[in-house]
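Chains as they are written, first to last, in our numbering: chain A, 352 to 704; chain B, 45 to 376.
Honestly, the hints are just simulated from the structure, not real lab data. Worth double-checking, as some hints may not be accurate.
Said to hold, decoys possible - Distance condition first, Cα-Cα at most 27 Å in a straight line; then the derived DSS-like pairs of lysine-lysine:
1) A:K538 to A:K578
2) A:K446 to A:K652
3) A:K591 to B:K198
4) A:K496 to A:K546
5) A:K438 to B:K198
6) B:K198 to A:K496
7) A:K591 to A:K578
8) A:K448 to A:K663
9) B:K332 to A:K446
10) B:K332 to A:K494
11) A:K674 to A:K448
12) A:K448 to B:K198
13) A:K683 to A:K663
14) A:K578 to A:K652
15) A:K625 to A:K438
16) A:K591 to A:K448
Computed from a prediction, not measured in an experiment: that's the story for all the values here.
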Amino acid sequence: MTIPHSYQQEAREEQRLEKKVRATSNRAKRIKRPLSLLVLMTAAAVSLTACGGGGEKSSSGAKKGGEFTIGVMMNTADNPYIQSMIKSNRAECAKLKFNCIELDGQGDAATQANQVDTMISRGVDGILFFPADVNAVTPMLTKLKAAEIPVVSYGNRVLEGDLPLITAAVDENSHQQGFTIGDQVCKDAHGAAWKVGMIGGVSGGYTATQRAAGFEEALTKNCPSVKVVASQPADFDRAKALSAAEDMLQAHADLNAIYSHDDNMAIGARDAVKAAGRASRVSIYGIGGMGEYLDLLAQGKVRATVFQSPVKFGTTPVETMAKILRGEKVEKFVFFDSPLVTKENAATIPREW
Amino acid sequence: MIGRIANQAFRHRSVPILIVLVAYFWFSSDVFFSQRNITNLMLQASLLGVMALAMAVALVGGQFDLSIGSILALSSFVAVDLADRGPLVALAGATATGALCGVLNGVLVSIARVNAFIATLATMFAIRGVMLSYSGETARSTSDLQFLRLASAKWGPLPVPVLVFGVLAVIAHLVLTRTQVGLTIRSIGGSVDFARLNGVRIVRYQISLFVLTGAGAGFSGALLASRLGAATPTAGTDTALVVIAAVILGGVSLYGGVGTISQAVGGLVVLQTLSTGMDLVGVSPYYKTIIYGCILIAVVTVDALVRPDQFAKIKLARARALGRQLAPARQR
Numbered sequence: 352m353t354i355p356h357s358y359q360q361e362a363r364e365e366q367r368l369e370k371k372v373r374a375t376s377n378r379a380k381r382i383k384r385p386l387s388l389l390v391l392m393t394a395a396a397v398s399l400t401a402c403g404g405g406g407e408k409s410s411s412g413a414k415k416g417g418e419f420t421i422g423v424m425m426n427t428a429d430n431p432y433i434q435s436m437i438k439s440n441r442a443e444c445a446k447l448k449f450n451c452i453e454l455d456g457q458g459d460a461a462t463q464a465n466q467v468d469t470m471i472s473r474g475v476d477g478i479l480f481f482p483a484d485v486n487a488v489t490p491m492l493t494k495l496k497a498a499e500i501p502v503v504s505y506g507n508r509v510l511e512g513d514l515p516l517i518t519a520a521v522d523e524n525s526h527q528q529g530f531t532i533g534d535q536v537c538k539d540a541h542g543a544a545w546k547v548g549m550i551g552g553v554s555g556g557y558t559a560t561q562r563a564a565g566f567e568e569a570l571t572k573n574c575p576s577v578k579v580v581a582s583q584p585a586d587f588d589r590a591k592a593l594s595a596a597e598d599m600l601q602a603h604a605d606l607n608a609i610y611s612h613d614d615n616m617a618i619g620a621r622d623a624v625k626a627a628g629r630a631s632r633v634s635i636y637g638i639g640g641m642g643e644y645l646d647l648l649a650q651g652k653v654r655a656t657v658f659q660s661p662v663k664f665g666t667t668p669v670e671t672m673a674k675i676l677r678g679e680k681v682e683k684f685v686f687f688d689s690p691l692v693t694k695e696n697a698a699t700i701p702r703e704w
Numbered sequence: 045m046i047g048r049i050a051n052q053a054f055r056h057r058s059v060p061i062l063i064v065l066v067a068y069f070w071f072s073s074d075v076f077f078s079q080r081n082i083t084n085l086m087l088q089a090s091l092l093g094v095m096a097l098a099m100a101v102a103l104v105g106g107q108f109d110l111s112i113g114s115i116l117a118l119s120s121f122v123a124v125d126l127a128d129r130g131p132l133v134a135l136a137g138a139t140a141t142g143a144l145c146g147v148l149n150g151v152l153v154s155i156a157r158v159n160a161f162i163a164t165l166a167t168m169f170a171i172r173g174v175m176l177s178y179s180g181e182t183a184r185s186t187s188d189l190q191f192l193r194l195a196s197a198k199w200g201p202l203p204v205p206v207l208v209f210g211v212l213a214v215i216a217h218l219v220l221t222r223t224q225v226g227l228t229i230r231s232i233g234g235s236v237d238f239a240r241l242n243g244v245r246i247v248r249y250q251i252s253l254f255v256l257t258g259a260g261a262g263f264s265g266a267l268l269a270s271r272l273g274a275a276t277p278t279a280g281t282d283t284a285l286v287v288i289a290a291v292i293l294g295g296v297s298l299y300g301g302v303g304t305i306s307q308a309v310g311g312l313v314v315l316q317t318l319s320t321g322m323d324l325v326g327v328s329p330y331y332k333t334i335i336y337g338c339i340l341i342a343v344v345t346v347d348a349l350v351r352p353d354q355f356a357k358i359k360l361a362r363a364r365a366l367g368r369q370l371a372p373a374r375q376r
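Taking the hints into account, I'd like the entire structure generated from these sequences.
In structure tokens, the structure reads:
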């Protein structure tokens with residue numbers, strides 16, 4: 352803040368400010384005219400309606416002629432796999448003539464709690480639930496149970512104690528996937544004492560925990576000489592995986608393989624290995640069957656993955672929910688398997704994400 | 045007459061926006077006005093609301109706090125850990141944790157003279173780090189029924205958090221408009237130098253503002269944990285921005301000194317109506333964020349076009365007051 356040096360200066364400053372006040376309040380007056388305000392409000396309303404038109408047309412809570420309204424509660428939408436899942440979700444909803452309301456949980460349990468409340472007041476017929484955090488779903492599921500809304504969980508597996516609250520769980524069997532890759536690492540090691548770095552998903556999450564446990568179980572069972580020497584979480588994020596891999600390569604000059612909990616991160620790890628000039632010595636393993644990764648696999652630049660079809664993952668919950676709503680009996684766990692993919696069969700796998 | 049109405053409509057801009065929103069959602073969903081939905085809406089708003097009140101007071105006092113999301117997450121873990129000692133102990137523990145973090149922010153800003161943006165950005169990361177190591181990066185759940193009732197208890201048709209929020213809002217409004225403390229906060233927000241020259245103990249007030257935002261976040265953290273039955277390490281990653289956006293939307297200035305509690309509450313209700321309404325109608329998640337952005341941009345743009353006169357007025361008043369101080373005997 353400037354302090355005026357003399358009265359003249361101060362007076363000049365004051366005059367300047369006074370002029371400014373007058374000018375801006377004129378401007379303000381112009382804007383404050385009711386007409387402009389009306390135009391502004393109309394513009395806001397129009398833009399809202401226009402944007403809203405992009406979403407699904409609401410048919411309100413009531414159903415028309417056997418048409419069901421289903422809340423699809425996604426964990427997050429900022430991941431290529433989940434986007435592919437959402438697409439197939441949407442397609443299946445259209446096929447079965449379901450009115451599916453898509454909700455983005457933004458990876459946050461609190462957001463999902465709000466969405467559950469909203470869905471209950473909307474009176475939906477069923478919920479497909481991809482929990483953001485399985486530790487914080489009990490109150491939500493209890494409410495849904497009390498409102499007698501069937502829930503099919505998928506993506507992240509709900510805890511043992513919450514199982515009675517849901518109708519069915521669609522599961523990709525993360526443990527089995529980790530085991531399959533661990534088994535493949537053993538085969539590729541040919542009995543050598545490989546050192547493996549592991550890049551994990553969201554740490555503490557069910558998927559990451561199970562993919563790590565399954566992998567390590569395969570190692571101890573089939574090739575105890577192969578050891579996991581470094582393990583770092585990278586939240587299923589490619590950029591984080593890249594820097595995690597760089598750190599590992601720096602710390603372990605004799606690293607033989609990097610196993611990532613998904614292909615997206617595996618590509619990040621591969622970039623790091625390539626940049627370090629150690630592509631020939633460090634084998635890359637992933638999980639998922641991402642198109643970009645499958646291409647690398649077909650070219651022999653990475654070693655293996657398992658194919659967890661996002662299309663199946665998107666359609667199975669909707670199919671399961673359809674069965675439930677039709678009154679058919681469904682198993683508590685609906686599994687679909689993820690086959691191993693290596694260079695040999697990489698070309699035959701559909702590019703779904 | 046019409047001019048005056050327009051003026052008021054601008055000052056309380058949430059009201060016309062809210063009318064448009066409610067009309068739209070009413071038109072497109074017949075459950076929008078169900079008692080259940082309105083109760084939900086109020087409950088959800090009140091969880092953010094305590095933080096919004098504190099943030100509004102801080103903004104009026106010329107400060108703002110980016111670290112509330114991290115404080116929220118940390119204190120929700122504290123609340124869960126204290127849950128079995130009774131809900132009030134948990135609530136107090138979480139609030140105290142938040143207040144403590146607030147002291148840290150306050151000292152950084154007022155004594156170490158770090159810019160509030162930088163200081164709270166830094167503590168946002170630091171406190172989140174503390175939370176991650178404290179929690180071991182995994183969620184912690186509780187099934188203590190007393191604690192779970194904290195957020196789900198009802199008084200008549202109203203959820204208790206809504207009542208608490210209402211009471212706090214009234215108190216905040218009265219303090220800000222009717223007490224010397226409130227006026228002093230406003231004057232600091234208008235001009236720190238002016239307030240200092242008038243003998244206000246700036247440091248004390250500034251620290252208190254951060255303690256307030258911290259305690260608000262801590263309080264909300266306990267409510268959040270009670271609502272989810274767990275504390276999650278991912279909680280509150282965008283809370284600070286949502287809360288600041290709500291308060292700004294209502295008409296509280298980012299530049300300090302300007303704003304009322306009713307504006308903050310208005311902004312909050314608009315944002316919550318928008319969020320709940322769009323979920324209810326089934327707006328695609330991609331459009332949701334675009335719409336948030338559009339509305340916020342529209343509001344702050346209009347604000348920027350109209351607001352400068354107020355700043356010029358404040359500066360003028362400041363210059364005059366300084367002039368009087370420097371030359372009390374001068375003839376005007």
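query: Straight-line Cα separation of K448 of chain A and K198 of chain B no greater than 27 Å?
result: Judged against 27 Å, a Cα distance of about 39 Å means the pair is violated.
query: Is K625 of chain A within 27 Å of K438 of chain A, Cα to Cα?
result: With a Cα-Cα distance of about 33 Å, the restraint between K625 of chain A and K438 of chain A is violated, given a limit of 27 Å.
field: Pairwise hint evaluation, K198 of chain B against K438 of chain A, where the allowed Cα distance is 27 Å at most
entry: violated (40 Å)
message: With the threshold set at 27 Å, check whether the alpha-carbon distance from K496 of chain A to K546 of chain A stays at or below it.
response: violated (48 Å)
task: Verify the proposed pairing of K448 of chain A with K663 of chain A, using a straight-line Cα cut of 27 Å.
output: Satisfied, since the Cα-Cα distance of roughly 18 Å is no more than 27 Å.
field: 27 Å Cα cutoff - pair K591 of chain A, K448 of chain A
entry: Violated. K591 of chain A to K448 of chain A sits at ~40 Å, over the 27 Å cutoff.
query: Taken at face value, is the distance from the CA of K652 of chain A to the CA of K578 of chain A at most 27 Å?
result: holds (23 Å)
query: When you check the alpha-carbon spacing of K198 of chain B and K496 of chain A, does it fall within 27 Å?
result: holds (20 Å)
message: Check the hint pairing K591 of chain A with K198 of chain B against an upper bound of 27 Å on the C-alpha distance.
response: violated (44 Å)
message: Does K578 of chain A sit within 27 Å of K591 of chain A, going by the straight-line distance between their CA atoms?
response: holds (23 Å)
query: Are K683 of chain A and K663 of chain A close enough, with their CA atoms no more than 27 Å apart?
result: holds (17 Å)
field: Satisfaction of hint between K446 of chain A and K332 of chain B, Cα-Cα up to 27 Å
entry: holds (25 Å)
Hint compliance for this structure: hints 2, 3, 4, 5, 12, 15, 16 are not met, and every other hint is.
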